[in-house]
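S.K.: Each chain is listed here by its residues.
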Amino acid sequence: MSKNVISKLPVMLHGADYNPEQWLDMPEILERDIELMKKAGVNCVSVGIFSWVSLEPEEGVYTFDWLENVINRLYVNGIYTVLATPTGAKPSWMAKKYPEILRVESNRVRNLQGGRHNHCYTSPVYREKTRLINTELAKRFANHPAVILWHVSNEIQGECHCELCQAEFRKWLKKKYRTLDNLNKQWWTCFWSHTYTDWEEIESPAPHGEPCIHGLNLDWKRFCTEQTVDFYKEEIKPLKEANPDIPATINMMAYYDGIDYWKFAEVLDIISWDSYPMWHNGGTDDSGGAIWNAFWHDAMRSMKQQPFLLMENTPSTANWCGVSRHKRPGMNLLTAIQAIAHGSNSCQYFQWRQSRGSVEKFHSAVVGHNGSDKSRIFLEICKTGDALRKLDGVLTADVNAQVAIIYDVENKWAVEDSKGPRNEGMGYTDQILQTYGSFWKQGIPVDVINMDADLEKYRLVCVPMPYMLRGDFAARLKKYVEKGGTAVVTYFCGMVNENDLCYLGETPAEGISDMLGVVFEDIDGLYDYQRNHVVFDSESGLEGEYETSKLCEIVTVKTAEVLGKYKEDFYAGYPAFTVNNYGKGKAYYQATVMNGEFSDKFYKKLCGELRIRRSLETDLPQGVTAGRRMTENGTEYIFIENFVNETREIDLPYPLYDIISGKTISGRTVLEPYAAMVCK
Amino acid sequence: MSKNVISKLPVMLHGADYNPEQWLDMPEILERDIELMKKAGVNCVSVGIFSWVSLEPEEGVYTFDWLENVINRLYVNGIYTVLATPTGAKPSWMAKKYPEILRVESNRVRNLQGGRHNHCYTSPVYREKTRLINTELAKRFANHPAVILWHVSNEIQGECHCELCQAEFRKWLKKKYRTLDNLNKQWWTCFWSHTYTDWEEIESPAPHGEPCIHGLNLDWKRFCTEQTVDFYKEEIKPLKEANPDIPATINMMAYYDGIDYWKFAEVLDIISWDSYPMWHNGGTDDSGGAIWNAFWHDAMRSMKQQPFLLMENTPSTANWCGVSRHKRPGMNLLTAIQAIAHGSNSCQYFQWRQSRGSVEKFHSAVVGHNGSDKSRIFLEICKTGDALRKLDGVLTADVNAQVAIIYDVENKWAVEDSKGPRNEGMGYTDQILQTYGSFWKQGIPVDVINMDADLEKYRLVCVPMPYMLRGDFAARLKKYVEKGGTAVVTYFCGMVNENDLCYLGETPAEGISDMLGVVFEDIDGLYDYQRNHVVFDSESGLEGEYETSKLCEIVTVKTAEVLGKYKEDFYAGYPAFTVNNYGKGKAYYQATVMNGEFSDKFYKKLCGELRIRRSLETDLPQGVTAGRRMTENGTEYIFIENFVNETREIDLPYPLYDIISGKTISGRTVLEPYAAMVCK
Amino acid sequence: MSKNVISKLPVMLHGADYNPEQWLDMPEILERDIELMKKAGVNCVSVGIFSWVSLEPEEGVYTFDWLENVINRLYVNGIYTVLATPTGAKPSWMAKKYPEILRVESNRVRNLQGGRHNHCYTSPVYREKTRLINTELAKRFANHPAVILWHVSNEIQGECHCELCQAEFRKWLKKKYRTLDNLNKQWWTCFWSHTYTDWEEIESPAPHGEPCIHGLNLDWKRFCTEQTVDFYKEEIKPLKEANPDIPATINMMAYYDGIDYWKFAEVLDIISWDSYPMWHNGGTDDSGGAIWNAFWHDAMRSMKQQPFLLMENTPSTANWCGVSRHKRPGMNLLTAIQAIAHGSNSCQYFQWRQSRGSVEKFHSAVVGHNGSDKSRIFLEICKTGDALRKLDGVLTADVNAQVAIIYDVENKWAVEDSKGPRNEGMGYTDQILQTYGSFWKQGIPVDVINMDADLEKYRLVCVPMPYMLRGDFAARLKKYVEKGGTAVVTYFCGMVNENDLCYLGETPAEGISDMLGVVFEDIDGLYDYQRNHVVFDSESGLEGEYETSKLCEIVTVKTAEVLGKYKEDFYAGYPAFTVNNYGKGKAYYQATVMNGEFSDKFYKKLCGELRIRRSLETDLPQGVTAGRRMTENGTEYIFIENFVNETREIDLPYPLYDIISGKTISGRTVLEPYAAMVCK
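Residue numbers (our numbering), protein chains in the order written: chain A, -16 to 663; chain B, -16 to 663; chain C, -16 to 663.
The hints are simulated quantities; they were obtained by calculation from the structure and are not laboratory data. Glycine residues also receive a C-beta, built at the ideal position from the N, C-alpha and C atoms. Treat each hint with caution, since some may be false.
[To be verified] Simulated restraints, written as ranges between beta carbons of each label pair:
#1 A:Val92 <-> C:Glu209: 49 to 57 Å
#2 C:Glu111 <-> B:Tyr45: 44 to 52 Å
#3 B:Arg161 <-> A:Val59: 19 to 27 Å
#4 A:Glu42 <-> C:Glu146: 40 to 48 Å
#5 C:Ala150 <-> B:Glu11: 36 to 44 Å
#6 B:Arg93 <-> C:Lys587: 53 to 61 Å
#7 B:Trp303 <-> A:Thr630: 50 to 58 Å
#8 C:Trp182 <-> B:Tyr45: 19 to 27 Å
#9 B:Lys158 <-> C:Gly305: 53 to 61 Å
#10 A:Thr539 <-> C:Trp49: 29 to 37 Å
#11 A:Gln605 <-> C:Glu632: 46 to 54 Å
In isolation and in its complexed conformation, chain A is listed as follows (with noise of 0.2 Å):
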């Protein structure tokens, strides 16, 4: 399927994780759930996530009725369904019966049957489970005029490292090095003795064996996820026999980075995921949580450069977090609003209606214990609900961003467990979120894209400690500046194959250095509290000086410009920040962690400097942002975001009408508190 395939959903979606198989005793409950969904706008829903044993609640026994029911009711009242399989919790009876499909984990103790996501991706006995309830869920559901949509297991996570993932991993790895001395020397196992001489003495990492060859944890993970995938595939076989035409989907996790997203997307026909920022946990100002957001919507959406699905939300506190904050007055307005910003078709909540019991009773949902369409959370999901209605248009429309940040999941992997220069935290997601402030902070879309992905129609690209070089990346990166791109690299650059192989001889390695016109002599841990400087002299357009911190590199000039020197230690003098013309573009080498002052100043110059275009043309105070999508035809939808709770005030470039509100709002405009405009 195509770009096309998300766009064709109807309308933009608005719903909740919905569980009818909680309340089948109380058959109100689902008559009143349909009135209240409707005065909420909501038009969607998710149904059957976890709800296997309701469906098969004895081996080979089918019990679907109470299913068909409530999505015929739905449907008539006008609510698609998103069809969930079930099979991310097993039912109680099937893990006793067949004991070989609970978890084992690295401590190789096998779980009890508990939780969720405690089954293992290689059982054959699970895959065959598996089949038979997906096969009979899409004979019966995949031609229903209400299904819209296959919300694939939820949440996927975890590793096995049973006796059968070890069998299979051994496989995978025969597959990739087909020789051990390949192997060893990738691995670099000659360190330590650790030389395999068969096959078989092969074993997962675990604590109390193998923790420690970097070759051999980024492989697992590779083939975790990849066996991961290997399961979705097999799981969606019977769906897509069934009716080729209906997309399926996963729901993926932010916080979770034990699986390669970017590796599912390929096979996934609409990205999605669940969106669980730290709202209201410091003073007035959220831009914190809404550059975190904003990233991982344009994360989703830049995997398969098409508009993706926020799946879950909070309608107000998430219970499993420190502290349950409730979302403030119009925040929920304005997360729906900044997800569609970014690139989502939808705005669906976990979850419709609280559970009576268990771990997520007090997770807010829209209709709460007391069943109320009074309370301030259903008022406030019926003025998203409103709001939405309005918003079909946005549907085809896209962002077209001018500038790319890589996040690369292999090379976070890699960084983080790279033993050195700081054990006490590398810091990548911080830097890469640093450098995503800066763009957000001007209403400057952004993709955020990993190594395999395109570079040619960006003007800009950010490379944020690249320390592992992956396949072709690094001849890309070189290529795209040569044609005449921009590139932005900093510190902790090409120093490892995909393997965790150091280079030897110059590095930045594979001709990055080049580019960069520095190389690369040796890097300096800071503790936390210890600081040194950047001085810029007033030729750079940067002039001061800057606070740097964590990591300092000392870089040598092969052919580069040097904009900023270090100031203290023993490498004061030594260049900081440098700048290369290479080919018709030119690459800067950002040598150490500055600070967020500095990246402001300088991404904005530079953006400045590379004409690239702003949501909104013109300043915007602190915590206000911009975004943008335009439709083929050339409908540009302009948001305006206020992630403060006190008033800002903007100048508009030029008037805007607000569809939400209906109003046409020009020149100096004052915006409330949370305040969410969707312009034409």
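Knowing the structure of chain A, use the given hints to seat chains B and C on it.
M.R.: Here is chains B and C on its own, set in the frame of chain A:
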């Protein structure tokens, strides 16, 4: 037995845990100890704790002569014996021969022999071994005139997850729920497909299995309590058969909440506990520790509504603390008097003589390793012995509190496992201690009762965080207010039933909402560093603005009068403190975590209005409290306690005679640092 | 062998760990390395560490040619070999074939293959495999002229709890205690019914078994030490049989105290260790790290009272630290000179060349991944190589300390396991380092010895926290003072025997109380934020008031003179610092944790009184120290070290010739940051 049991104990007990089996090869130690005990005014020691291997060094071979000799020698010297059963620590030979008696932790790994309370309460073997040793003990000692009390096991604790316990647990569940369907509904297992379809699928909570079904967690704790109580009941059978007139107790621990001690109270003749506050862990003021300790004394007295025994406290330091801080001069007598003021008929120490080796060798004892009777600690104990000799008149005196605070351990389990609104700490105990402290500072006696207790006799009942409404508590509370009582109820009220299943519809449930005149809307969590304020106007009599934190409930008013309102945030203006007329009584509702300043002010005002009698009708200075016990014939004992390492002055409303010093005091009176007085 | 062994090593060694087996497929690397070694003044490398799988890739198949070639190539280029036995890390094939060799942790779970030092020291299989490989190694290399030292295993560590070890442990206990009755008494097992009635009941300490019998804990550590030493003795047999003249060493770790290295000292020919202070973890002053490092150098020298080898230190960063902080310019030479000043006859690095992969790939090396001989690190090593070439004269020079500090690892185990008076930290090492630092700041050489060492030759013996009186230490200490020696003893003194069994009666026990003239009464623990003060009057020569913390002992005086008294708390006025004349000597007693200001002042005064010679008769500025070594013929080498990243000035008492710079210095002399001088 009845309330008279404890008052039949012959004297105000003063003594300690004593382990003469450690010194059998130094017979001079026993004689020296008796000499020193008499010097220190010791009239009673606990013997036989953890002595199993000394009593049965090989299977079926009993060696009781040493014990009989000790008991005899003590008795002829006027020292009673509290005789322990040895079952808290089994011999190694037993563990080796019968591995099934070793406990299995929640990770399903069987312990090795070691420590104490490391046995299975279910094991038929262990129960039989317990029966045999206790039968022999009773045969020999149950009719010995020295033996005044059975001290059963010691500091009973822990749980076992072995297969025998799993089977018993399932039996227990079948009895409680009758059908799986019923259990599944109450535990809401439908969530995450956890529905059980066979009883054999149920396992106790496990970190690598099922940790998050709240109903299961609660029932498991209830089962463990009942299994432990059942073990106790079997354990005392041979004791009672030999002589039904010797009462029995267990030694409870305030820091341990794994067992619902209130269930034990029903089967015990006498309540006793070990008191280990963290004295002197700050500056000069010890009122924090004093409030904690007083609270637990009151809880122990209230369990059976009769005097209790202070079974352990340290003569000076507790070596298992992070820091072994000595009791300052006077503190030992002060803490003895504090215990008696709150209903204790004893002051017992752990321990009489320091052991030479093992893990408690540096725990303070009356007699240290140097065996001296000149040590500061020994002299402090002598001083206490002298004082206690004068207090036999107090033995039959009651406290007669007019105020009750509900502390319910089952509710505590539920609150702390609730998952939201503050997983960083719900503060159940903090809220209770704050409330309790407001009475302590006024010198007002308080009963600490659980939800099963009778409410009728109190003028005021405080109900902090009654999240879970167990049994008929709600009905009794409403009836109590209706008939003219006053209740102060706080946030997080009436949300779940006894299986942690949320009430649907209006809450606080079961009519508590009517009683309070308010309806719960939602609850907001605050991070530790966030604050709100509540404003009371002048009509409330509490005029002012008070800081609140952690949890802010949003409620609406049905019939209540609003006394205080939130000042900030989106619920500014919402009621935060209300009062409602209900029947002939009044019900206050505190919707948020108020600060201590407010708590003290409010309860002072309220106690005045309700004409609740203070132990001493005067305003007490900071750190000083007063208690009261009264005999049936009207003799009143007033206890004055200064918990500050500074002198304090109080204005006595009338002259008092201090029994300890033998002096009459009146008018403005100076209290020395850590002074204690018992006045008539 | 004797003291002469080390001085027979041909030169001041300069070199590194070298792992050429990692580069066998790049033969040009070996030649390049030899070239670079010569440039860097390297004359000796450690080869073969953890190389087992390269030497025996399958069972019984030995592949030594590559090693012989390396040794030959090095030798013809003037580079000696320290040849390692490979037994620290076994091949995977061996673990797979003989699972019994895998270590079992205290939780009784057998490790998987992985890491290093993951074998059982008891296993007959592992001992046989070790014998076979070492026999082969010795056959081939024991008479090779290049091989000057056996480097046995590497960083020996850890313990195994397998059944084989349990059985050996029981045998060891039977030998020590003969009867169970004796063992039970010494371990005081009567406590908590832990009496053993069969040897088979005894198990090593376990978190889920018996963690709290202190005697068991101590004996287990002693057994592990002896079992490891026994393994070592078997391991070197084939080496010594082949050529008894090649000395053997192990590479000790200062951070590891699981083994009593002093027991190893007896069987080693040469002491060597790896030195990893945390340099530059604060501001400009590195004297904290310098004191720590100097202390350990002195401990290593004192073990056999002969020069030792610095076997490892980092050329710049250690990648296993939280932060990889580079050695600042000059620091490498300074740390080499520091080692030599304290008795080292070498400066060896970990590592010569950075490995390409695995867990230490970013540990600094003389040659980095880029292979450069222009790197800052390489040039620093060259500078050190140049300096060391001039220092062969120092090889036979001794330090001849007049002061000794007792650091006893068995006592440390006991102190830290004592349970009271401060489980939050007894501060044994802190107290020792504070004392040690007071000499370092004066430039006074110190021996660091354990309780078994001879005391007679010292003018001053410092005895911090001699909690456990092992062997005849008390008798020897008393005799030492009696005959005219001076001792400074601190709090927590003479409380238990070697099995952690408390002394009864007066303490400090075994007559130490007489020697000190004080009697222990009790000890008070202070929380981290609590303080007391000690006041000295003018007669003491230490006039002033000094802050104390953590532990305050209460003692009474028998014959001692009181120099300082507590100022606050209930022991105000009690002695806190005393001195006692005993025979012809004096014994000081420090009853509390004094601050550093006092320590420096006191020891300066005392050293003056005792006419203890400073290395340089001048007052040294902060951060600067001086050391001294003298040959038998009276040639004196003075080492001047500036551990501050600032210039310092000293006043030389007489002109000196700096061998390194070849310059004569005199009078007021400026020391550059991190300057190091070796003067005659």
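S.K.: Indicate, hint by hint, whether the structure satisfies it.
M.R.: We went through each hint and held it up to the structure:
{"no.": "1", "hint": "A:Val92 <-> C:Glu209: 49 to 57 Å", "result": "violated, 33 Å"}
{"no.": "2", "hint": "C:Glu111 <-> B:Tyr45: 44 to 52 Å", "result": "holds, 50 Å"}
{"no.": "3", "hint": "B:Arg161 <-> A:Val59: 19 to 27 Å", "result": "violated, 39 Å"}
{"no.": "4", "hint": "A:Glu42 <-> C:Glu146: 40 to 48 Å", "result": "holds, 42 Å"}
{"no.": "5", "hint": "C:Ala150 <-> B:Glu11: 36 to 44 Å", "result": "holds, 40 Å"}
{"no.": "6", "hint": "B:Arg93 <-> C:Lys587: 53 to 61 Å", "result": "holds, 59 Å"}
{"no.": "7", "hint": "B:Trp303 <-> A:Thr630: 50 to 58 Å", "result": "holds, 57 Å"}
{"no.": "8", "hint": "C:Trp182 <-> B:Tyr45: 19 to 27 Å", "result": "holds, 24 Å"}
{"no.": "9", "hint": "B:Lys158 <-> C:Gly305: 53 to 61 Å", "result": "holds, 55 Å"}
{"no.": "10", "hint": "A:Thr539 <-> C:Trp49: 29 to 37 Å", "result": "holds, 36 Å"}
{"no.": "11", "hint": "A:Gln605 <-> C:Glu632: 46 to 54 Å", "result": "holds, 51 Å"}
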